[in-house]
Amino acid sequence: GAVVSQHPSWVICKSGTSVKIECRSLDFQATTMFWYRQFPKQSLMLMATSNEGSKATYEQGVEKDKFLINHASLTLSTLTVTSAHPEDSSFYICSAQSPGQGASGELFFGEGSRLTVL
Amino acid sequence: GDSVTQMEGPVTLSEEAFLTINCTYTATGYPSLFWYVQYPGEGLQLLLKATKADDKGSNKGFEATYRKETTSFHLEKGSVQVSDSAVYFCALNSGGYQKVTFGTGTKLQVIP
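The listed protein sequences derive, respectively, from chains A and B. Numbered according to the numbering used here, the first sequence spans residues 1 to 118. Numbered according to the numbering used here, the second sequence spans residues 119 to 230.
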């Protein structure tokens, strides 16, 4: 199957700093990637849809100025948490759909990135 | 809009017990249905899928059948192992490059 990789897996930062998380599709081109946030009770929240070469589409209630998403190429999307605060601590997961799997809509997920803001 | 409802957890079973995790959905048209599994500290992996009514998805001893008449996609396994302990997400996609709708996840703990 298609492979999606995230980096870093773990990141600890001080309050007020910014953190960038990368999501790469390793063996396919992804025009669309999705960013999720997972809360302690395990539920997944879709934050935004990242579109290559255009602005991301944010879900209602997600602050676009705090969670900056850039999809500069067909294999890379980045999520930058700006001026991070402890309440931003969470597990962030990206995913993408491979063109070869488009008919079924199957998603391929990255390994996730655990952000801890001190 | 689309929605997925799955049974609340956590579910605790003894090794070799039978597993059922219920999942029902509402969607327009004919969605594809999925079960994803998330092991501790990891991202999600596709466990199985079904793309049309009456299809049965299967993998690693897990099965789920796409039941359009009951709008369900229940996950089953005849004999669970400790290594099956994870969070299981039911999900659907109503068509092509659309966002996938997830259930809230069900945590399964299998004890020896």
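Please note that the accuracy of each hint is not assured.
[To be verified] When the alpha-carbon atoms are kept at most 16 angstroms apart in a straight line, the in silico EDC-like pairs for lysine to aspartate or glutamate are as follows:
id : chain 1 : residue 1 : chain 2 : residue 2
1  : B       : K178      : B       : E194
2  : B       : K186      : B       : D172
3  : A       : K41       : B       : E194
4  : B       : K195      : B       : E133
5  : B       : K195      : B       : E134
6  : A       : K14       : A       : E87
7  : B       : K217      : A       : E59
8  : B       : K174      : B       : E160
9  : A       : K41       : B       : E133
These aren't lab readings, by the way, just hints derived from the structure by calculation.
Hints versus structure:
1. Under the criterion of a C-alpha separation no larger than 16 angstroms, the hint pairing K178 (chain B) with E194 (chain B) is consistent with the structure, at around 11 angstroms.
2. Using a Cα cut-off of 16 angstroms, the hinted pair K186 (chain B) and D172 (chain B) holds, with the two alpha carbons roughly 7 angstroms apart.
3. With a CA separation close to 23 angstroms, the supplied pair K41 (chain A) and E194 (chain B) exceeds the 16 angstroms bound.
4. Straight-line distance between C-alpha atoms of K195 (chain B) and E133 (chain B) comes to about 12 angstroms, which keeps the hinted pair within the 16 angstroms bound.
5. In summary, the hint linking K195 (chain B) to E134 (chain B) is supported, as the alpha carbons are separated by about 9 angstroms, within the 16 angstroms threshold.
6. This hinted pair checks out: K14 (chain A) and E87 (chain A) have alpha carbons roughly 12 angstroms apart, not beyond 16 angstroms.
7. As the CA atoms of K217 (chain B) and E59 (chain A) are separated by approximately 11 angstroms, the hinted pair is consistent with the 16 angstroms bound.
8. Distance restraint check for K174 (chain B) and E160 (chain B): the Cα-Cα separation of roughly 26 angstroms exceeds the 16 angstroms cut-off, and the hinted pair is therefore not satisfied.
9. As the CA atoms of K41 (chain A) and E133 (chain B) are separated by approximately 24 angstroms, the hinted pair breaks the 16 angstroms bound.
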